[in-house]
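**Q** Just so you know, the sequences run in chain order A and B.
Residue numbering for the first sequence follows my numbering, starting at 441 and increasing by one per position.
Residue numbering for the second sequence follows my numbering, starting at 441 and increasing by one per position.
Mixed in with the good hints there might be a few duds.
One copy or two, either will do: identical chains are not told apart, so a pair holds if it fits within one copy or between any two.
As the list claims (entries may be wrong) - Straight-line Cα separation of at most 20 Å, DMTMM-like style, residue types lysine to aspartate or glutamate; simulated pairs:
#1 K854 to D783
#2 K965 to D938
#3 K972 to E1023
#4 K854 to E996
#5 K972 to E863
#6 K972 to E1015
Since the hints were derived computationally from the structure, they do not count as laboratory data.
Number of protein chains: 2
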Amino acid sequence: MTVPPKPHAPLTLKRLLIGEPLPTRALAHQTVNRVIGLAVFASDALSSTAYATEEILIILAMAGLSASVLGLSIPIAVAISVLLAIVAISYRQTIYAYPNGGGAYIVARDNLGELPAQIAGAALLTDYILTVAVSISAGVAQITSGLPELTPYRVEIAVGIILLMTIINLRGVRESGFIFSIPTYFFLTVMFVTLGIGVVRILTGSLPTVAGVEPMHHVAEPLTLFLVLRAFSSGCAAMTGVEAISNGITAFKEPRSRNAASTLVWMAVILIILFLGITLLAHQIEAVPSEVETVISQIGRTVHGQGSALYALTLGGTTLILLMAANTSYAGFPRLAALQAGDGFLPRQLTQRGNRLVFSWGIAALALLASAFVIVMGARTTALIPLYAIGVFLSFTISQTGMAVHMRKIGRLKPGERVQGLEAMLEYDPRWRVKMLISTFGAICTGIVMLVFAVTKFTAGAWFVVVLIPALVLLFFRIHYHYKDVAKALSLRQTRPDVHAYSVQTLILVDGVHAETVRVVNFAKSLGHPWKALHVAVNPQKAEKARADWGRYIGEGEFVVIPSPFRALTGPIREYVQNIMDEKPDTFVHVIMGHLVMDTFWEQALHQNSALIFNLALGDLDRVVVTMVPYQIHRNGGAKPNHAKDKAPEGVGMHAPAAEDAPDGSDQ
Amino acid sequence: MTVPPKPHAPLTLKRLLIGEPLPTRALAHQTVNRVIGLAVFASDALSSTAYATEEILIILAMAGLSASVLGLSIPIAVAISVLLAIVAISYRQTIYAYPNGGGAYIVARDNLGELPAQIAGAALLTDYILTVAVSISAGVAQITSGLPELTPYRVEIAVGIILLMTIINLRGVRESGFIFSIPTYFFLTVMFVTLGIGVVRILTGSLPTVAGVEPMHHVAEPLTLFLVLRAFSSGCAAMTGVEAISNGITAFKEPRSRNAASTLVWMAVILIILFLGITLLAHQIEAVPSEVETVISQIGRTVHGQGSALYALTLGGTTLILLMAANTSYAGFPRLAALQAGDGFLPRQLTQRGNRLVFSWGIAALALLASAFVIVMGARTTALIPLYAIGVFLSFTISQTGMAVHMRKIGRLKPGERVQGLEAMLEYDPRWRVKMLISTFGAICTGIVMLVFAVTKFTAGAWFVVVLIPALVLLFFRIHYHYKDVAKALSLRQTRPDVHAYSVQTLILVDGVHAETVRVVNFAKSLGHPWKALHVAVNPQKAEKARADWGRYIGEGEFVVIPSPFRALTGPIREYVQNIMDEKPDTFVHVIMGHLVMDTFWEQALHQNSALIFNLALGDLDRVVVTMVPYQIHRNGGAKPNHAKDKAPEGVGMHAPAAEDAPDGSDQ
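Bound conformation, chain A alone (with noise of 0.2 Å):
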C-alpha cells in the first residue's frame, strides 16, 4: 500500500531564506552548465592570481631587489605553470576515468585503499574550510583598507559574508552559481583588459615602470637554490582550487565527463595565461613586493594611470573574486563529506540532501568551522595563509599516485578489454605509459612542493596542519568502526530473529493526580496489560495528596509510593524497575508517564518535563520501554484538539474542562 504525499507548506523564517522544498526527482536538473561550473568550481583557483605572483617576489626579494633577482619569477612561474599542465592533464585523465565524482578521495580509495583515501579527504576538508576563512579574510582585509572605520568590525563582516555566503548555497546550486558568476566574470574581464592594455602598451613602447612603490625591508639572504625552491613553493598557492571540478563532476549537466574535462582544460588555460600575464607584466613594470601595496595595484595604475576607473574596477575585481573563491568550498566541502559520509568516516546526517537537495549539514559544517578559524584567528589573513595549501598538494599527490596505480592496471588488461572496477569502468587504452608517466611525475613533483612548504612553513603555523590531518584521519576510523560495530550488532544475517510476543506489565508514573492523569490512565487501560501506579515520594506531604486525589478521582489500580529521601526522582524507579525485571526475566516492563507540551519553548521551560528525564534516565535498561503520553496545553488556557478535523472522543480522558479553580497539579 502506498499513499499519496500532500504538500504542506507553512511561510517559515526557513522557507522566506532558503526558498520552497525541492522534490527528490528534481535532482537531475539540479545541475550547471560549462559556463556557470567555470563560476562555481574556478572561482577559488582563478583567484590566487591575485596573490601568487606576489609571493614569489616577496622570496626572492629577501636575495635583492634586482632586476636579476627578481627576473627569477619568469623562470619559476613557467615552471608552476608545466606543472600546473602536469596536475591538470591529470585531472583531466580523472574526470574521465572517474564520470561518476573523481576527486583525491575516489581515486586514492579505488586505487591505493582506506588509508590513503581517508588522508586525502581530510587533507581536502582541512583545505576547504581554510580556503574560505583565508579567501574572506582577504577580502575583508581589501574592504577595511578602503574603509578603515570598519576595521575594529573585521571578524564580524567576515562572519555575516560566510553567514551571507551559507544562506545562498542552502538555497542550491544553480541558484548560487548563477548569482557566483557574475564577480567571476567580472574579475576575468577587467584583467584580460589590463592585460591586453599592458601587452599593447609594452608594443608600442609607452608603459612606463611602476612608481613611488615602497619595497619591504628584509635582512639581505644569499640567492640559494633553497631560497629559489621556497620561492616556487610559494607561487604554488597559484594550483589550489585546481581539483574541484573533478571532486564535483556530478553538479554538471550531462554529458558530465565532457563538460567537466572542457571546464578543467579552460580554467587551466586562462589560470596559465592570467598567471604568466601578470608576471610578465610585473616583471616589465618592474614592480617590487611591498608591505602597502599589492603587485595587482602597482600592475593596475601602471597600466591604467593612477585615479582611473579601469584601476578601480582592476582593484574592485580582485576584492570581489577573493571573496567568491570561498564559494568554491561551499561546492566541495559537503560533496566530499558526503561521499566520506556514505563510506562511514563521517556522520551519516551528511549524506543527507536537504529542502533545497543540497547537503545542508555539510554546509553547516563548514560554515561553522570556517567561522571559527576566522573568530579565532581575528580573520588576519596573515596568520591564515601558512596553515593553507599543504592539505591541496598532499590530496594531489595522493590523487595522481593514484591515477599511476589506476593506469598500471589498464596496461595489465589485453587491448580492446574492458572490466568493471569497484568505481568505474576500466577499458584498455594504448597510451596507458604515457599517462602513467604523467601521473607519476606529477605526484613527485607536487609531493616536493608540499614538504618543501612544510618545511619552510612549519614555525609559521603548518604544524597545526600537520598535526591536524593525522588527527582527522584517526577520528574518521574511530567513526568507521563505530558504525561497523553497531552495523555487526544489528545484523540478522546470522541468527534466525525470534518474533514472537513477551508478557508486558505496565507502570504508570504519577506526580500529582489531574486530567492529564486520568489520560495517562486511559492509555494504560487500553493498553490492557497489567498495571499500577507508581508515586516517587520526594515530598510526602504531596505523596499523601496524591494518593487521597488517587482514591478520589481515580478509585481503581494500586496506588505504589516510593519513598525517596534523598529527593532524587529517577533513581527510585530505576531500582524498582530493576526489581521487577530480576522477578520477571521474559517480561517488558513498559513505564508510562505524562508529559505536558505547551505551545512555546518558553512555556515548556516553566515545567519540569521530567518525563524527558525519565526516558534518558531509563534508556539504558534492557527490556524497558518509556512512553510518553502527551497532553497539550495551549495559550488560551484550555486543552483542546489541534486539528479542526480532529474528533475526539467525550470525556476528560480526551478533553480537559475549563475549571475556575486552580489545583496545584501544574507542578511537572
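Use these hints to put chain B onto chain A, whose structure you have.
**A** Relative to chain A, chain B alone:
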C-alpha cells in the same frame, strides 16, 4: 505499599565538589546559630562601612576640602545612623510578626497585595545579583591594585571567585556559614582594634592628621541642600544588606524569631558603631577622598603607622569582607526566588532543594546572572555602583509601608484578641500606634532616599534598573498567568473524570530491518493491538530493500511504504496518523519506534536519533502516543544486558547476535 530506599552512590565530580546527598529529614538541622548567622547574613551590611564614609566625602568634596564642609559628614552619618536604627527597628518588628521568614516580599504580599510584593521581589532579586557583581568586582580591584600583573585577568578572576563561592554554597548553608564566619570576624576584629587604638590616641592627644594624600579634583560647586542630600543618599549605601536577616529567618536555629531579632540588633549596633567611628576618625585625621587611596587606608596608616602589620591586616580584612559580602546574596537570592516560585511567579524548579538541601537552581541562577553582569561590565566596580542600592531602598520602602498597614490591622483588633492572618498570627499590641509611626516614618525616609538615588544617578546607569524592575515584574506576572492557565486546564474539581479504556491502533516506524526492528515488532506484538509497519521512503532504493528484508526476516504484519518526495521524515507520518484519527475518533494511535542507545554522547550524535525527532513532531497531536523502544549498543560492538542481574530471555528480540557481516542497518 511502600518500598524501602537503597543508597546508591558512585563517586562523581559532582559528589566530590558538592558533597554526599543529604536526606530530607536533615532539613531541620541545617540551620545556623546567632554567631554564624551574623557572619552569613551581615557580611554585606558590615562590608558597606568600607566605602560608605568615603561616598559621603566624595560628594561633599565637590564644595571644597575645608574642614567645615567635610565636617558635615558627621551630622550626615548621624542622620543615616538614625535612619538605620529606624529601619532596623522596623525589620525587628517584621521578624516577630513573620516568624516563618519575613522580608519585603512576604510583608508586601500579606499587607499590600500581589503587585507590590512582585515589585519588592524584582527589586531585591536585582540587588542580590548586583551585590555579588559589585562586591566581587570591588574585591578583585583590591587584589589587582596589589598585584597589577593580574589586571588583564580581572574578569576571569572575578568569575573564578563566583564559581568557587557557588560550589561552597551548593554544599549547604551550615558549612558555608562556618567558612564565611572567619573573614567576617577577622574584619570586625581588625576594625574594632583600629577604632579602639584610634580613640585611645585621640584621648592621649597622640593621633596625627593624615599626610601625603592627593585629593580628588572636582569643579567646585556651591554647598547646596541638594548636594547635602546627595551626600546623604550616597552614604545610605551603608544600609544595603540590612534586610538580609529578615529574609532568612528560617535559616536560624529555634527559637528562630528571637535568634534572628537578636542577630539583627547586634548587626545594627555594630554597623552604627563602625560607621560613626570610621566617620569620626576620618574627620579627626582630616581624611580627604582620593583617587589613589581609600579612606580606610588613610585611617589605617595614620592610626597604625605606614608599613605596620596592623595596617596591612586592616586592608586585608577590608578586602576579604568585600568578597564575602557577596555571600549574603547566596543566602538571600535562592530563598526569595523559592518563595516567589512557590507563589507561581518564577519557574517552579526554583522551589526544589538539591542534593545538599539548598535551592540549587537559585544558586546556579544567581551565579550565572552575576557572572553575566561581571563579564558585560568588565568587572569594573565604578560601572556597576550606579545600578546598585536602588533596589534595596525600593524594597525598604515597600516593606515598611507593609508593616505600617500590618500595625493598622492590629490596631483594629480588640485588646487581647488573636486572629490568624494569611501569613502570621495577628495579636493586639497596645503599642501599635508607635510601631505604625516608626514604619511609616521609615518608609517615607527610605522612599525619599530612593528617589534622590534614582534622580542623581539616572544617567550614570540607574536608568537600567528603572527599566529592569518593571520588566521583571511583567515577566513574573506572565509566568504566573501561565501557571494559572495550566492549573485550570488540568483541574478535576468541576468534572467527574471519565476513566475507561479506548481502542488502540499500533503503528511501527521502520527504517531498515535489523535486530532492533525485531525487538520493536516483539514489543508491538506483546501489546496485542492491531499493528502495521510504516516506512517513510526518503530513498526509494532503501524502501525496496526494507520491504524485501521485512518479508525475509519478519514475515508477518502489513508493511506500508509512505512516499516522501521532499525527503521529509515527520510530515508524511503526521498526515498518515491524522487520517487514522479522522477515521477512528475513539482510538489512541500508538506510534512505536526503535531507538539505539549508545554509551556516550558522541556515539549517540553519530546516529540520526529520529525517535527523538518524531517524539517532538508528534507530541502536539491529540490522542497520539509515541513510544521509543530502546536498544542498547555497547562499545564492544554487541548489544548486551546492562546489569549483571538482568536476565533477558533468549532470542534476538532481546539479544543481538555476534554476526560478522556489516549490513547498512545502522543508519538511523
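**Q** Tell me, please, which holds for K972 and E1015 at an alpha-carbon limit of 20 Å: within, between, both or neither?
**A** within (16 Å within a copy, 34 Å between copies)
**Q** Are the CA atoms of K972 and E1023 at most 20 Å apart within a copy, between copies, both, or neither?
**A** within (16 Å within a copy, 31 Å between copies)
**Q** Reference check for the pair K854 and D783, CA-CA at most 20 Å: within, between, both, or neither?
**A** neither (32 Å within a copy, 88 Å between copies)
**Q** Within a copy, between copies, both or neither: which one fits K972 and E863 at a CA-CA cutoff of 20 Å?
**A** neither (59 Å within a copy, 39 Å between copies)
**Q** Within a copy, between copies, both or neither: where do K854 and E996 come within 20 Å Cα-Cα?
**A** Answer is neither: 84 Å inside a copy and 52 Å across each miss the 20 Å cutoff.
**Q** 20 Å Cα cut-off: does K965 pair with D938 within a copy, between copies, both or neither?
**A** For K965 and D938, the Cα distance is within 20 Å only across copies (12 Å; inside one copy 28 Å).
Hints 1, 4 and 5, counting from the list given before, are not met by this structure.
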